[in-house]
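J.: Chains as they are written, first to last, in this note's numbering: chain G, 1 to 213; chain W, 1 to 207.
It is possible that some hints are incorrect.
Quick list of simulated restraints, FRET-style, between CB atoms [what the hints assert, rightly or not]:
no. : chain 1 : residue 1 : chain 2 : residue 2 : range
1   : W       : 27        : G       : 105       : 19 to 25 Å
2   : W       : 79        : G       : 105       : 41 to 47 Å
3   : G       : 210       : W       : 129       : 31 to 37 Å
4   : W       : 79        : G       : 182       : 27 to 33 Å
By construction, these hints were calculated from the structure, which means they are not laboratory data.
Backbone N, C-alpha and C fix where the C-beta goes; we use that ideal spot for every residue, glycine too.
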Amino acid sequence: MVNNRPFQIVIIDDDLRFKERPIFDELIERFGEENIIWRETPKEGLEYIESNLTKRTIVILDYDFGPKRSNGLMWLKPLQDTSSLIYVILNTSHGVAIIPPDELKDCINNHLMALVDKASDGYEKVISEVEKAIGYLNNRVDCILEEWILRHERFTREKPYIRIEGGETMSLNDVLNEIRKDTIFGRKMSNNIISTAITLMQRDIAKLENSEK
Amino acid sequence: MNILTICDNNDTKRGEYFSTSEQNLIDKLQPNISSHQSLKTKDCQKSLDNYTPNFNGKPFLCVAYAHGNESSIAVDNENYIHFENSYLFNQSFFYACCCLSAKQLGQQMMDNGCKVFLGFESTISSCNPEAEGIYQDCENAFMTFFVNEGLNIQECLKKVEEKYTEGIVHLSLSYGLFETSILQGNYNAFRVFCTNDDFSITKDDFV
Chain G
1 MVNNRPFQIV IIDDDLRFKE RPIFDELIER FGEENIIWRE TPKEGLEYIE SNLTKRTIVI
61 LDYDFGPKRS NGLMWLKPLQ DTSSLIYVIL NTSHGVAIIP PDELKDCINN HLMALVDKAS
121 DGYEKVISEV EKAIGYLNNR VDCILEEWIL RHERFTREKP YIRIEGGETM SLNDVLNEIR
181 KDTIFGRKMS NNIISTAITL MQRDIAKLEN SEK
Chain W
1 MNILTICDNN DTKRGEYFST SEQNLIDKLQ PNISSHQSLK TKDCQKSLDN YTPNFNGKPF
61 LCVAYAHGNE SSIAVDNENY IHFENSYLFN QSFFYACCCL SAKQLGQQMM DNGCKVFLGF
121 ESTISSCNPE AEGIYQDCEN AFMTFFVNEG LNIQECLKKV EEKYTEGIVH LSLSYGLFET
181 SILQGNYNAF RVFCTNDDFS ITKDDFV
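Chain G on its own, in the form it takes in the complex:
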């Protein structure tokens, strides 16, 4: 187990033999069966994520869903719109070369976090990217803030919590929404947390300096 904070790894892949592959066993062994969710289509995957946003989420998204179906990248934006705190690893079996330049640009613009080539990278690469993702999400202030909000009772989350001088009030759910949409307000909330930690640390440093004198 990498850590004891709740997370889930959602695999979106239409390969019905996926569960027979060594990577699936390896993911289960490393991260626990209860944390691994497999969905065959991006639509099903998205629906699952939308209803299970209380855990930090790492998505392993297949790129190629066959010639007559959408490719995985078309679902990157809807996934990121659900929450900017989802970490997406794109899994392709044909290398980066088959991805058209416009789609690659979308990858970057929609904050795709990692790209793994099934054929050449091997499953170890996927595992290492998942570990990296967990570490990354654990250290993101907005993820911690999201988790903190979600740990409150629903009633508490819905009532006015912040009173803005302009007259508006915001509930914790409103704040959560701003964080997930990565708005200016959402980013400000995260920055305020960091800034507060810095203020408190600086005060401790000053106290230590005074005690040394």
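Dock chain W against chain G, hints included.
T.: Showing chain W alone in chain G's frame:
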């Protein structure tokens, strides 16, 4: 020392907070002010130039507790202080305890002769009604140091930082990091404009 306060006390959402904040300041400054004029929501039906001559052309301190936007301060949902009437604060000291007031209005006031302008660059907020006194003490800290202790702008800024840190520590011990970060956000948004970068201005420049 002459002081004018403008308070949108009838605002349905924040009127009570504005009123308490205004009272908090006046209670603290009382021994050091010679003349205080308080404009409430109903008084602001008359335009501002009806009131400012009461100081007989002498510089004064003005503090506004109302809703703000980038270019004006609103009372009773109407823009009451804005670029067009900012000349009324020529040679004066203006503290806009309002959201976004330092975004454009601050510079506009300075361009029109205001000597010192204090405001906030983004929205300011409070969290948890029981803790509002701490937010208000911090909001009023600059004015209190400036008037009661006769400190210059530079010294006041230092003291304000200490005051906010004190509030931040208190909130972090009594409430939580989230509540504390709201006060930190207010401090981060606090801005001071001063003529000719002259941070040595004191209250004696407004007597």
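J.: Just tell me: holds or violated, for the beta carbon distance of residue 79(W) and residue 182(G) against 27 to 33 Å?
T.: Check passed, 32 Å falls within 27 to 33 Å.
J.: Hint says 41 to 47 Å; check whether the CB-CB distance for residue 79(W) and residue 105(G) agrees.
T.: Since residue 79(W) and residue 105(G) have Cβ atoms about 43 Å apart, the given range 41 to 47 Å holds.
J.: Indicate whether the distance between the beta carbons of residue 210(G) and residue 129(W) respects the range 31 to 37 Å.
T.: holds, 35 Å
J.: Could you say whether the range 19 to 25 Å given as a hint is met by the Cβ separation of residue 27(W) and residue 105(G)?
T.: violated, 60 Å
Figure legend: structure checked against the earlier numbered hints; the only hint not met is number 1.
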